[in-house]
Amino acid sequence: AQRVTQPEKLLSVFKGAPVELKCNYSYSGSPELFWYVQYSRQRLQLLLRHISRESIKGSTADLNKGETSFHLKKPFAQEEDSAMYYCALSRNSGNTPLVFGKGTRLSVIA
Amino acid sequence: DVKVTQSSRYLVKRTGEKVFLECVQDMDHENMFWYRQDPGLGLRLIYFSYDVKMKEKGDIPEGYSVSREKKERFSLILESASTNQTSMYLCASTVNEKLFFGSGTQLSVL
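Heads up: the sequence lines are chains A and B, in that order.
Going by my numbering, the first sequence wraps up at 573, each residue one higher than the last.
Going by my numbering, the second sequence wraps up at 123, each residue one higher than the last.
Simulated from the structure, these hints should not be mistaken for laboratory data.
Lysine-lysine pairs mimicking DSS-like chemistry, simulated, CA-CA at most 25 Å apart: (1) K485(A) with K111(B); (2) K70(B) with K31(B); (3) K528(A) with K111(B); (4) K537(A) with K111(B); (5) K70(B) with K565(A); (6) K472(A) with K536(A); (7) K536(A) with K111(B); (8) K111(B) with K520(A); (9) K565(A) with K111(B).
Construct the entire structure; sequences and hints are all you get.
Structure below.
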């Protein structure tokens with residue numbers, strides 16, 4: 464079965480420090496992976512998409528098929544990066560529902 | 014910009030009541046989804062629909078049903094609300110696997 468694992472429920476970093484939010488997946492096919500983000504009092508929105516490399520706010524993530532990982536990276540954390548982050552996997556190609564991880568709350572400390 | 018609108022931001026209902034959560038999208042998307050969002054559990058798929066009058070069960074459909082009479086509207090129904098259905102409910106529509114979320118309905122069942 465497809466599964467997305469985000470091992471950290473909460474991650475706290477200091478402003479200006481690099482950030483890595485971990486995401487591991489299990490899927491036998493060719494995965495399509497996403498990061499979604501929810502800022503305080505805002506709706507959930509797409510942050511980054513693997514296939515199209517579409518991203519916002521300077522985030523990057525590299526798909527590592529050997530380690531089945533798709534970790535999100537930011538070189539310098541800003542206070543406005545504090546949010547809930549979800550990694551998600553598309554089950555198959557086409558319009559199938561995404562499988563989400565349980566999320567990681569990032570807190571950036573000034 | 015895609016707009017996904019959920020009719021209520023907050024709802025308080027009593028155990029046993031029939032509850033309707035409404036969602037409307039304005040981009041003629043065929044695919045619509047209902048998720049619930051719980052701390053520590055992430056987003057879990059309840060039901061989804063690929064077309065009018067079509068519905069598919071997600072991962073946690075028990076206690077829920079849905080209705081899609083028009084393309085733009087996807088309703089989630091709690092036939093007999095229970096306290097364990099207290100949660101944040103998120104509606105989404107999608108094109109090319111990019112999900113657009115509503116702002117959510119926080120349902121409390123007392």
